[in-house]
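**Q** One-letter residues, chain by chain:
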Amino acid sequence: MSWRLAALKNGFQDATAYRIEFLFEVLGSAFVPAAIQWVLWYAMFKIGGAHEIAGMNYSDMVQYTLVSLLFTQIRGGDHDFELQEMIRSGQLSNYLLRPVSVIEFVYIRGMAPKLLIAGVCLGLGTTVGLFFGMSPVRLLGAMVMALIGNVLHYQIGAALSTTAFLWEEAYSFLMVKNMLVSLLSGELIPLNLFPKNMQWMWKITPFYLYVFGPTQYALGHWTHTYFLEQLAWSCVWLVAGWAFIKVTWGLGMSRYLSLGG
Amino acid sequence: MKLMQYARIYRIQVKNNWVREAVYRVNFLTAMATDVIWIGVELLLFTVIYANVPVLAGWTKPQVYFFLGIFFSSDALFTTFFQRNFWNFSDLVNKGELDILLTKPVHPLFLALSRWINITAIFNIVLGLGIAIRYAHPAGFSGGWKWLLVGAWLLIGMTTQILLRFAFSIWVFWTERSWAISRLYYQFFQFATKPDTLYPKAIRYLILTALPFAFISSIPARALLHGLKWTEYANVAGVLIAFFILNAILWQTGLKRYQSASS
Amino acid sequence: MIVEVKNVSRSFRSPKKTEGFTGAMKLLFKPEYSTHEAVKNVSFSLEPGSFNGLIGANGAGKTTLLKILSGLIAPTSGEARVLGFDPFQRPVEFRRKIALVMGQKAQLWWDLPAVDAFDLLRAIYEIPMPVYKERLHTLATLLDVTKHLNTQIRRLSLGERMKMELIGALIHWPNVIFLDEPTIGLDILAAHKLREFLKEFNRREKATIILTSHNMEDIEKLCSRVLIMRTGEIIYDGTAHGLTEKGECRLRVRLMQSPTVEELAQLTGVNASAIAVQAPDTGPDEEDKDENDHKPIFFTIKYDDIVAILQKIMTKFTIINMGIEEPSLENVIQRLFQ
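Residue numbers (the numbering used here), protein chains in the order written: chain Y, 151 to 411; chain V, 68 to 330; chain X, 117 to 454.
Derived by calculation from the structure, the hints in this document are not laboratory data. Be aware that one or more of the hints could be misleading.
[Stated by the list, open to error] Derived DSS-like pairs (lysine-lysine); straight-line CA-CA distance at most 25 Å:
| no. | chain 1 | residue 1 | chain 2 | residue 2 |
| --- | --- | --- | --- | --- |
| 1 | V | 82 | Y | 196 |
| 2 | X | 156 | X | 122 |
| 3 | V | 128 | V | 323 |
| 4 | X | 213 | X | 249 |
| 5 | X | 122 | V | 323 |
| 6 | V | 268 | V | 162 |
| 7 | V | 128 | V | 213 |
| 8 | V | 323 | X | 221 |
| 9 | V | 213 | V | 82 |
| 10 | X | 249 | X | 315 |
| 11 | X | 432 | X | 411 |
| 12 | V | 128 | V | 82 |
| 13 | Y | 346 | V | 268 |
| 14 | V | 268 | Y | 196 |
| 15 | X | 411 | X | 337 |
| 16 | X | 337 | X | 322 |
| 17 | X | 249 | V | 69 |
| 18 | X | 315 | X | 337 |
| 19 | X | 263 | X | 315 |
| 20 | X | 418 | X | 432 |
| 21 | X | 411 | X | 428 |
| 22 | X | 263 | X | 221 |
| 23 | X | 156 | V | 323 |
| 24 | V | 323 | X | 213 |
| 25 | V | 82 | V | 69 |
| 26 | V | 69 | X | 213 |
| 27 | X | 221 | V | 82 |
| 28 | V | 162 | X | 322 |
| 29 | V | 82 | X | 122 |
| 30 | V | 82 | X | 249 |
| 31 | X | 263 | X | 249 |
[What the hints assert, rightly or not] Take a look, some chain V residues computed to stay more than 10 Å from chain X by CB distance:
| no. | residue |
| --- | --- |
| 32 | 95 |
| 33 | 256 |
| 34 | 308 |
[As the list claims (entries may be wrong)] To give a feel for the contact side, a few chain V residues facing chain Y, derived at Cβ under 7 Å:
| no. | residue |
| --- | --- |
| 35 | 98 |
| 36 | 103 |
| 37 | 104 |
| 38 | 105 |
| 39 | 115 |
| 40 | 123 |
We treat Cβ as the ideally placed atom computed from N, Cα and C, and that holds for glycine.
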């Protein structure tokens, strides 16, 4: 257990060694998706003169944007890229000699700054949320779902990064995953804007559990029972993700070792 | 004479990149797939939005697709010839590899910015143009001789991106870790992915002047579709010249600092 | 003179870093600086075609001096001229005639065969094709890497890679070559090969070479002239042999008797300061008790005088054993640094 704490501390120090950059990073990643969303709503409602789109009016949209910001900050980062870089450069060998799981180690290190941000978001979100009459129970539940989403995001990335065992790099795959996530997680637009015949697109991936799901629940658009149902689904995905990692890393590792690293 | 020498150097850089790219054939395919997905995601976003509204700030769906086509081509031009060189720029300074370039009898920036060519991205130029051509007629682009103008505007788009990226990269001379600034560039770059008339006044003013991301594709697409006012043309020329001068000054002072700080 | 350095100094100002957020803010708005003098008032000149070694500990100012000479940085004061140019102006003509090789910084492309990188250098230096082919052949043969020219750089061993770097640096036949730690990280055999090549190239092409190294063998085997730096100053300037050849050798004798230093000085005519009884590091060990009666005596004298002095000693004392210690360059330098 103690190595996990050490890894957490190390990751935290690493991320905050350059404080100004860290601040930039957090602000930038919060500001840009929000600005883009806002621009779209502005164009649709203010310039375009629409009143209601997919059952949402201008203030609903802005509300969605602001709340989704919290969960965008919690959703998984890019530490799966670290795994593929390790495999590609052969640095993985150094880690294999250590008595800890590489996948877990990289996750915990990368997770450290997210925990801080999640904490701040939770604090900020509850204060602002309570002020606007949002239920703290819903906020907490949404946060749990977002955190599960964070693990899920990493699991998928970790499994995808094993393609580096085969083709020397997995960068492209991870990039593709990130692009799909940016649209299908709901951090750019509320997913119910998708026309009826395209709704399946986001429903077949677990990405909506990262941002869209938590936001909908926090805003009260999802009932408690529906939320619990979705939470159960995210747990199913979690188990599937775990199995996915087991299989892909098992295969990749046997190939890696047989080739002599 | 000088120009001929530079042309010869460039020819060899192209050849060398070709040789290297042939070594990694898988990357060729995956990189291509990545770009297709990226284009797909951007198109999908607007498809979803236009499923809800018929017109967005005066842009019809085919017009936005035409805009995206121009955007992809102009961005792919930059990616092909400059992207990776800028990507490596900070390493060049931090690891001191610039030292070696400074001792060569050609301009160090020429060597630094011509080293990597991403041959795969040429495919994207074609893909972007394909999208632009496909939606040109429904978007109301009159075509004919005006297709020549597309080429010119693509070059302006690329030039803008070079000047902007340079202005963001050059800070590596002053800060050791410049990735935060590079990251900021990519975040601002998001503004280039939507037509400028969508933006609220303040942002729109910003991306037409101090951070001219609108020149990458918004201005070219608008110029091709409807033509611009002469003040807008003058603005494009003025801002680009100002950026060029700014970059030249930054390069000179940055180099001076590099030379006074290195031991 | 191909390289002239007159009273060159170079100092650096670096901001003092302080901890914490206020420290970072202070660094941003009101930094405090500390000055460090890397090169202090250095003067020397080098002859065309000479092979010169620049040695010193880490941080002695070798690389800084090399950077001043190759035009990468300007001296804070003083004047440097290389091939008649002011290096820091870096005129194209100057850049055509010099080469800089840094052992730790590669200029070749990782994913390409060396020959493709050389092709680029050919275009940069505008070398006509027949001349280029001939030079490449010469260099590759001398360095014994002809069969590796078409191998990706990343698949080469460190030694082969360094050889390729050298070919890349020399393909334009520079008049002045700056080598910063060329043998760093190489095994003995590879370093030896590289040295042989440098010697041969210097002999054949009459290029002036300035080499920095930690490796004393590099200096001993190659350099006709040695400059030793310590904390930014040149503390020795002369031939490599000059360091050891000052006649210095240490004659060690152990006598049955225990004469005083004065007695010995009188007998042999050697200055008393050049005679020492027992090396300072031999401790009074239990087992040495017996030997302590016959402490070794060291005479720092010239080679030619050995026989005469021994004869003089033997007229009065009995010699139990004796030996001659030759100070290696490494010892000499160690003593210089102390």
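**Q** Would you check the hint for residue 268 of chain V and residue 162 of chain V, treating anything up to 25 Å between C-alpha atoms as holding?
**A** Status violated; Cα separation ~42 Å.
**Q** Would the hint linking residue 128 of chain V and residue 82 of chain V be met if the CA-CA limit is 25 Å?
**A** violated (41 Å)
**Q** Just to be careful, I want the Cα atoms of residue 156 of chain X and residue 122 of chain X compared with a cutoff of 25 Å; is the pair within it?
**A** holds (11 Å)
**Q** Check whether the Cα positions of residue 268 of chain V and residue 196 of chain Y lie no farther apart than 25 Å.
**A** Given pair residue 268 of chain V, residue 196 of chain Y holds - Cα atoms ~12 Å apart, limit 25 Å.
**Q** Between the alpha carbons of residue 82 of chain V and residue 122 of chain X, is the straight-line distance 25 Å or under?
**A** violated (46 Å)
**Q** Can the restraint linking residue 323 of chain V and residue 221 of chain X be considered satisfied, given a maximum Cα separation of 25 Å?
**A** OK: residue 323 of chain V and residue 221 of chain X at ~21 Å, within 25 Å.
**Q** Let's test the interface hint: is any C-beta of chain Y closer than 7 Å to that of residue 103 of chain V?
**A** violated (9 Å)
**Q** Quickly compare the C-alpha distance for residue 69 of chain V and residue 213 of chain X to 25 Å and report which way the hint goes.
**A** Measuring from Cα to Cα gives roughly 18 Å; hence the hint holds.
**Q** Is the interface hint for residue 115 of chain V satisfied, with its Cβ closer than 7 Å to some Cβ of chain Y?
**A** holds (5 Å)
**Q** Double-check residue 98 of chain V for me: the hint is only fine if its C-beta lies closer than 7 Å to a C-beta in chain Y.
**A** Check passed: Cβ of residue 98 of chain V comes within 6 Å of chain Y, closer than 7 Å.
**Q** Going straight from one Cα to the other, do residue 128 of chain V and residue 213 of chain V come out at no more than 25 Å?
**A** holds (21 Å)
**Q** Please work out if residue 221 of chain X and residue 82 of chain V have their alpha carbons no farther apart than 25 Å.
**A** The given pair, whose Cα atoms are some 24 Å apart, holds under the 25 Å limit.
The structure is inconsistent with the numbered hints 1, 3, 6, 9, 12, 13, 15, 28, 29 and 36, although it conforms to all the rest.
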